[in-house]
Structures are given as structure tokens and as C-alpha cells.
Amino acid sequence: MAYSSAKFRRYIIVGIDPGTTIGVAIIDLEGNPIEVFSSKNYSCSDVIERIISRGNPLIVASDVTPTPSTVKRISRIFSSPVHELDESLSTEEKIALTKGEGYEYKNVHERDALAACVNTFRRHKKKFSQVHRKTPPGVDVEEVKAMVIKGVSISDAVDRLIRAKEEKEAEKEMKIWDARRKESGDKQPAKKGNERTDENKLRLRRIMKGKDDKIEMLEELTAALKTRLAEKEVELTNLHSRVATLKTARKREIEETEEITRREKEIKRLKEELKAREGENAELKQIVEELKGKREVKVKGGKKIKVIRSFSRNAILDTDRKYGLRRGDVVFLEDGSGGGASTAELLASKGVAAVIYGKELSHFAADKFFESGIPAFSTLGEIPLLLKEESEGEDDFAFVDEQLLNEKMEEWKKERKRGKRGEKYRTLYFK
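Counting in this note's numbering, the sequence shown runs from 185 upward without gaps.
It is worth saying that the hints were derived from the structure and are not from the lab. Incorrect hints may have been included.
Unchecked claim - Label-pair ranges, simulated between beta-carbon atoms:
{"hint": "1", "residue 1": "S425", "residue 2": "E457", "range": "45 to 51 Å"}
{"hint": "2", "residue 1": "A280", "residue 2": "E439", "range": "44 to 50 Å"}
{"hint": "3", "residue 1": "E544", "residue 2": "E456", "range": "52 to 58 Å"}
{"hint": "4", "residue 1": "D504", "residue 2": "E439", "range": "26 to 32 Å"}
{"hint": "5", "residue 1": "T429", "residue 2": "E456", "range": "38 to 44 Å"}
{"hint": "6", "residue 1": "I444", "residue 2": "E276", "range": "42 to 48 Å"}
{"hint": "7", "residue 1": "S274", "residue 2": "V418", "range": "37 to 43 Å"}
{"hint": "8", "residue 1": "E439", "residue 2": "S237", "range": "42 to 48 Å"}
{"hint": "9", "residue 1": "D340", "residue 2": "A280", "range": "19 to 25 Å"}
{"hint": "10", "residue 1": "N225", "residue 2": "G284", "range": "30 to 36 Å"}
{"hint": "11", "residue 1": "E403", "residue 2": "S237", "range": "19 to 25 Å"}
{"hint": "12", "residue 1": "E457", "residue 2": "N225", "range": "52 to 58 Å"}
Cβ coordinates follow ideal geometry from the N, Cα and C atoms, glycine included.
Take these sequences, add in the hints, and give me the full structure.
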């Protein structure tokens with residue numbers, strides 16, 4: 185793209201909102217909007233090219249502090265000062281700055297860039313008004329403003345521009361005079377104003393020499409900057425690639441760490457649950473052992489026997505289910521009444537060695553026990569209880585004098601041989 189020379193390019197104020205979507209706003213030195221745009225995939229070089237097409241950036245501005253690196257880089261390329269802020273503009277300030285005055289924007293990126301422009305213009309508006317008042321006719325007001333922004337006083341700026349204008353006019357006169365002299369064939373310089381003409385010539389030659397040197401220097405600087413820019417673009421591409429790789433690796437590392445943490449928490453929870461379950465199991469085993477009679481409660485001289493609540497089929501089966509009725513067990517019927525021969529036969533089938541009962545036993549049951557070879561003793565006068573062991577509010581086990589029990593059982597066996605035991609039952613309870 186070809187651009188007009190600096191002489192005819194207007195001065196502009198540029199506001200930039202950098203980011204993935206970059207916003208750019210351009211206004212002139214009167215505060216009038218020139219262009220406001222934004223793009224998601226604009227490179228720095230694209231932004232610079234767009235700005236150059238609109239004018240010569242006098243000030244580059246941002247809406248935040250510290251000034252973003254992208255804004256500083258663009259300002260250095262144009263050798264333009266950055267309008268530094270004491271504090272970032274608030275959303276309310278940005279909305280107020282961009283309201284009215286013909287300002288328009290499509291999104292927050294454009295709004296922020298435009299707010300930076302307008303804020304900068306308002307900060308310099310008073311000085312620009314002074315320039316308008318103090319600049320005489322015939323002197324370029326925009327150039328005076330540009331020089332004032334760069335630190336030159338208004339009066340010095342005006343003087344420099346007047347001298348520059350006079351030098352240009354003198355140079356123009358010299359060219360016209362030389363052309364006329366060549367046309368007339370006069371090899372001698374004109375006598376009128378000889379001294380002034382010679383002085384102007386020398387001054388113009390010095391000016392031209394200075395400009396030639398400056399042009400050469402700028403060309404060298406441009407070449408160096410282009411080379412450096414190419415190097416930086418390669419470096420930036422490499423950095424982008426490295427950042428992408430690091431982001432991927434970091435993301436994977438974070439995911440792995442989170443998964444490890446999650447699993448460690450789950451392991452800890454399961455260990456705590458296992459420990460609690462082990463405690464519960466140990467407690468339950470202890471209860472079961474007690475209920476099954478595996479964990480003996482010691483009573484001196486006592487024998488532990490299982491308690492059957494009533495002399496009924498259901499009570500016998502319930503005790504068998506809960507604690508087990510095994511061959512050789514001695515059981516205690518809390519209430520011996522109510523059971524007959526069939527109930528006694530059911531209990532005998534479990535292989536019990538002896539029955540102790542708390543209330544009277546029917547003669548049918550007594551006869552069946554006698555026939556089955558199972559001695560039955562009353563707690564009233566024969567084998568009294570030593571202790572009842574409670575579990576969950578119920579009397580599940582009882583203790584009797586083991587020596588007395590053994591003696592009574594031996595005595596019963598002898599009497600059974602003589603055929604007297606059954607008769608004794610009938611004599612005691614059923615006469």
C-alpha cells in the first residue's frame with residue numbers, strides 16, 4: 185500500500201484495546217472520529233498498516249494502567265508518546281466518554297479503545313485551544329500541536345515553522361532565479377541582492393545536506409527494524425508453539441494431579457469405612473459368641489444352660505434358631521406347663537441331656553422325657569438356679585450348680601433302672 189507523504193498526512197490520536205480481539209479507535213486533533221474497528225485475528229503489523237492508512241499517530245493511548253506491552257510497542261514504532269494514566273478508566277467513565285459527539289462502537293473492545301482516545305484528547309484540549317489562539321495566520325496549526333505534544337513551547341514551535349517556511353520560499357526563489365539566469369545565458373549572478381542570495385544558497389545547501397543525512401539514517405533504521413521485526417516474528421512463533429506445548433503438558437499434569445487427589449481421598453474414605461466395618465464386625469462377633477454360648481461367663485461351680493421361654497414348639501424352634509440346641513445340652517424351661525408328649529418328643533429329638541423346668545410339667549411330657557432317657561428336674565426343691573444372664577433385655581442363659589446337677593442325674597439314672605422315677609413324678613404331681 186502506498187501512502188501520502190508526511191507533509192499531507194494528518195495527525196491523529198490512536199486508542200488501542202489489546203487482546204485476543206483487538207479494538208482500535210482513531211480521532212483527529214479536533215476530537216472528531218475517523219475510524220473505530222475491532223478484529224479477532226489482527227496481527228500487530230495489520231494494526232500498524234491500518235493506522236498508517238489513516239494518518240500520522242501523534243499520541244497512542246490505552247484505557248488501563250499499567251500500559252499494555254502491545255500499546256507500548258506500537259507507540260515505539262511510530263516514535264509517538266503514550267498517554268499514561270494514573271489509574272485505569274472505570275466502566276462508568278468509559279461509557280460517559282463515548283456518549284454523544286457522533287461516537288459509535290459495536291462492542292466493548294471498540295468502546296474501550298474509543299474511550300482511551302477521547303480521554304487523551306480531553307486532557308490536551310486546553311493546550312490545543314491555546315495553540316489555536318496563539319498561532320498566527322499562515323502557520324500550520326496541526327504542526328504546532330504536534331510540536332507542543334513533543335515538548336516544544338507554542339512560541340518556539342511557531343518560530344521554527346515560520347523559519348522553515350521562509351527557507352522554503354527562499355529555496356523556491358533561488359530555483360526560479362537559477363532557471364531565469366540559465367535561460368538568459370547570464371553566467372554571472374545578479375548584482376541585486378548578491379549577498380543575500382549567496383547567504384540563502386549556503387543555508388539551503390546546509391538544510392538539504394541535513395535532510396539527505398536524515399533520509400539515509402531513516403532508511404538504515406527502517407532496514408534494521410524490518411530485520412529485527414522478522415526475527416521477532418520467528419521468535420514469537422516459536423514462543424507460541426512452546427506455550428501451546430507447555431499448556432498441554434500443564435493441563436495433563438493438573439488432570440493427573442486431580443485424579444491422584446481424588447483417588448487418595450477415595451482410598452482414605454474406604455480405609456475409614458473398612459476400619460469402621462471391622463470394628464462393627466468385631467462387636468458383632470462378640471455378641472454372636474455370647475449369644476451362641478461360645479464366650480463363657482464364669483460362675484464359680486456353675487454350669488451354663490440355655491433358656492426356653494415356654495414349653496411350646498415355637499419357643500423350642502426359636503431357641504434352636506438363635507443359639508442352637510446340641511446333643512448333650514441342658515435346657516431350662518421357664519414355664520413347663522402347656523407342653524405335651526409331642527412337644528417333649530421335639531425337644532428330645534435335639535439330643536438334650538437334661539431338662540430343668542420352672543413351673544409344673546404335665547405328666548404326658550414327664551413320661552415322654554422318662555421314656556427318652558432325659559432326666560427332668562424342677563427348680564423347686566431339686567435344682568435351683570444360681571444366675572440368669574441377660575442379653576438385650578431378655579434372660580437367654582441361666583446357671584445351675586454343676587455338682588448338684590451331676591449328682592441328681594446319677595441318682596435319676598439309678599432310679600430309672602429300678603423303674604421308680606416315673607412313679608415318683610406321678611406321686612408328686614398327679615395324685
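Hints versus structure:
As the Cβ distance of S425 to E457 is approximately 48 Å, the hint placing it in 45 to 51 Å holds. Separated by about 45 Å at the C-beta atoms, A280 and E439 satisfy the suggested range of 44 to 50 Å. Taken as a hint, the range 52 to 58 Å holds for the pair E544 and E456, whose Cβ atoms sit roughly 57 Å apart. At roughly 60 Å, the beta-carbon separation of D504 and E439 lies outside the given 26 to 32 Å, and the hint is violated.
Remark: the range hint 38 to 44 Å for T429 to E456 is upheld by a beta-carbon distance near 41 Å. Range check, I444 to E276: Cβ separation about 46 Å, and the 42 to 48 Å hint holds. For S274 and V418, the hinted distance range of 37 to 43 Å is satisfied, since their beta carbons lie about 40 Å from each other. For the pair E439 and S237, the beta carbons lie near 47 Å from each other, so the given range of 42 to 48 Å is met.
Checked against the hint of 19 to 25 Å, the C-beta distance between D340 and A280 comes to roughly 36 Å, which is inconsistent with it. Between N225 and G284 the beta carbons are some 32 Å apart, a value that agrees with the proposed interval 30 to 36 Å. A C-beta distance of roughly 22 Å is found between E403 and S237, which places it inside the suggested range of 19 to 25 Å. At about 54 Å, the beta-carbon gap between E457 and N225 stays in the expected band of 52 to 58 Å.
In this structure, the hints that do not hold are numbers 4 and 9, in rising order.
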